[in-house]
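**Q** Work out the full structure, taking the sequences as your base and the hints as a guide.
Below are the chains, spelled out letter by letter.
4 protein chains.
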Amino acid sequence: MNETAEPIVKATARNRRVAGMDPEKRRQILDGAQAVFAAQGFDAASMSEIAAVAGVSKGTLYVYFADKEHLFVALIERERETQKAAVFDALNDDPDVVRALTRFGEGLAHLLTRDFVVSAHRIVIGVAERMPDLGRDFYESGPKLGGYRLAQFLAGKAEQGLLSLDDAYLAAVQFIDLCQSTLLRPRLFNAMREPPSDDEIHRVVASAVAMFMARYGAPRR
Amino acid sequence: MNETAEPIVKATARNRRVAGMDPEKRRQILDGAQAVFAAQGFDAASMSEIAAVAGVSKGTLYVYFADKEHLFVALIERERETQKAAVFDALNDDPDVVRALTRFGEGLAHLLTRDFVVSAHRIVIGVAERMPDLGRDFYESGPKLGGYRLAQFLAGKAEQGLLSLDDAYLAAVQFIDLCQSTLLRPRLFNAMREPPSDDEIHRVVASAVAMFMARYGAPRR
Amino acid sequence: MNETAEPIVKATARNRRVAGMDPEKRRQILDGAQAVFAAQGFDAASMSEIAAVAGVSKGTLYVYFADKEHLFVALIERERETQKAAVFDALNDDPDVVRALTRFGEGLAHLLTRDFVVSAHRIVIGVAERMPDLGRDFYESGPKLGGYRLAQFLAGKAEQGLLSLDDAYLAAVQFIDLCQSTLLRPRLFNAMREPPSDDEIHRVVASAVAMFMARYGAPRR
Amino acid sequence: MNETAEPIVKATARNRRVAGMDPEKRRQILDGAQAVFAAQGFDAASMSEIAAVAGVSKGTLYVYFADKEHLFVALIERERETQKAAVFDALNDDPDVVRALTRFGEGLAHLLTRDFVVSAHRIVIGVAERMPDLGRDFYESGPKLGGYRLAQFLAGKAEQGLLSLDDAYLAAVQFIDLCQSTLLRPRLFNAMREPPSDDEIHRVVASAVAMFMARYGAPRR
DNA sequence: GATGAATGAGCCTTCATTCAT
DNA sequence: CATGAATGAAGGCTCATTCAT
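One line per chain: the protein sequences are Z, E, U and A, in this order.
Just so you know, we're using the numbering used here here: the first sequence kicks off at 1 and counts up by one.
Just so you know, we're using the numbering used here here: the second sequence kicks off at 222 and counts up by one.
Just so you know, we're using the numbering used here here: the third sequence kicks off at 443 and counts up by one.
Just so you know, we're using the numbering used here here: the fourth sequence kicks off at 664 and counts up by one.
I should point out that these hints are in silico values taken from the structure, not numbers from a laboratory.
All values reported here derive from a predicted model rather than from experimental measurement.
Nothing false has been slipped in among the hints.
In silico DSS-like links for lysine-lysine, alpha-carbon gap of 27 Å or less:
1) E/246 x E/305
2) E/279 x E/289
3) E/365 x E/305
4) U/526 x U/586
5) E/289 x U/500
6) U/500 x Z/68
7) U/500 x U/467
8) Z/144 x E/365
9) Z/84 x Z/25
10) Z/25 x Z/68
11) U/467 x E/279
12) Z/144 x Z/84
13) A/807 x A/747
14) A/747 x A/688
15) A/721 x A/688
16) U/510 x Z/58
17) Z/58 x Z/25
18) U/500 x E/279
19) Z/68 x Z/58
20) A/721 x A/731
21) Z/58 x A/731
22) U/510 x U/467
23) Z/25 x A/721
24) Z/68 x U/510
25) U/500 x Z/58
26) U/526 x U/467
27) E/289 x Z/68
28) E/289 x E/305
29) A/807 x U/586
30) Z/58 x A/721
31) A/731 x A/747
32) A/731 x U/510
33) U/510 x U/526
34) U/500 x U/510
**A** As structure tokens, then:
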């Protein structure tokens, strides 16, 4: 699982056409696609509307992306790139476990409840049955990778005697899930129209950290 | 789906048309719809295929359900009814908290990772942007209600001094989430093609219970 | 080379859909397709225009024919069926070679210069590069088969001592070509807008018969 | 192609635009167009592919040719020029009728069964309905002119008492058709993928000459 | 009441043509 | 002049929905 490489879909290269692709226009198209896909889902989004929202002609869409699916995959890829680094920084520079987990957890909760991130999850989940590769790649280079990264951090702390773990990966995912309790699910089902407040996130993550430390925190002498 | 006018989910009565609706035929249609929606998703599922799989004519579909969306909503409703009762029985008849939680958690994990349940979640999540009412209703009468029910159970145990809780609902959702750590997400993204084994569920739920009890279990003297 | 069987395109069966295809409507569609294909050629003909001319909806087109190419192939098949038997009758009931050839030749010239037959030839020739199977099948079950049938007739007469042939098939094709000299080519290139008159055909075929008999007619003692 | 206004073929002058048209580049474009039109037919050939094969930009195409149709017409014109002279030389320098006809006939058969010539015929025939002017011009300055030229030659020989003709033009076309019997048609329909061998051409033309001489050869005393 | 043939709006995609650089 | 990115009209095809039988 290489963090930098790992193309979501093998044919990604086909998204990059011959010469003279204007990166600015590409971005413009992806912005339009993001808006329309988020609002309509994959199937209900129409290439015409994407073109209109992006401010380009339908023909131009097909100069930059081979078809609707490639456009969508490129969009998902871009989003993941955008979000990746942000969260994990919190893990690497704080010797205090509780503080590191709190910062990480709050960053994660903020990220995963943002409008666009929720939309992207909805869409990928919605098409996962028909586009299993996309679903799997998204999962593996997103949530699963995140779990591994956190597991590594936790294992390091365990080696220092600061934590007591049976299964670092399970512990990591447990913490990640706890940070989203009562927050993610209503967002995914569109039962909570606004991202949670900072206070709410703070409260949930504090509880998650408390729970995590109660279980794995104090190495018993 | 128009959000302001005619709430689709509440309007179920409209599904029951004139007189002689054969409940058996209705069930037959829903069975076909279940198979097709699960395999294709909402948009890719075609009414023709549903009619064919259900063994009725397309015209008959529209006698029993006003349109594709109403059919889908009715299907989701039926599924929720089917699943609701099953899980919560575990809570009411066991005075031992750990045993009750374990039974409840394992039942829940089994249920939520079953093929059809995962499919239903995928579809509802996938259309949640376009059908917010459906998403909200599904969430509120499913996950949220489940959280409340478990919270009630936990609050009862707290009153008996068996648990020490700040926020019963948050604790309930935390437990529910922990029971699905490493299990639900790969299923939703179609990165795990088979439901998890009993052993795996057992292991995850045991860890969830341990975590829960470590945090909320010991009543402070 | 079976005269009755030999499907032009192997997948012809796919033209015949499940149940309840109204043969009258099928004919109606083929009539519309004939008009539009003849006027525009294969590529320039649009399915929308065919539907309009046929007086059916576009959707109906696709109920009866899988796609544009299948519709076209079915049309060509129907035409060939329509025309097949007509010409060769002249060969079987006349003991006089000159009279038989004259009747056959005139019938052939009439047939092959008719508007629709010319159109069909133009279209098949026009798409032969991209649809080689169609071109080949058309040729083999049309012109080539015709050559064989005439060759059989000529060989029979040769056995009776009425003709003297080296190569019956070559002689047959030569006669067929002579019957169309100055008639077919200008029609194919659309340089002659009307079918030739009976007189013109009579003159050309008489000359063809004379030429044929001069070469193959009198067995030299 | 509008038949009444602006005859396309005659309007060739319009292909020559402003000043500095590079004849070399024009040739280069026509070469590319020839390859693509031959391989795809008129409609399926794309201007983009022609530009790519010709090694020029799409914009340049439109500097040299007003549109796709003009480009195609110019190509057909060039081909006709290229081929014209070649065949008729055989007629002028041989006092022996049989030898002259044989050489002419073999040259003609070779020419008309060459890949590119067959392709050109296919395309012109294929679009003759939509571009009647092109079809007529092609016919008149090609096959028809050829017929007249041969007719003139034959008439000369008749005056010399070497042939006995009723209708020199009909006789000429008959001979031309006989030279292609069994050769041209399967090529046009793409049922014969390679040009015929020299031997095959030799055999067919020999039979054509024999037939022609049997009919028109012996001046009646 | 059940049927399924018919409808037609709408979708994705292509490509001849234009025009700013 | 040459370029090739951009355009947008039009094409083939699908499918939710209707309605005559």
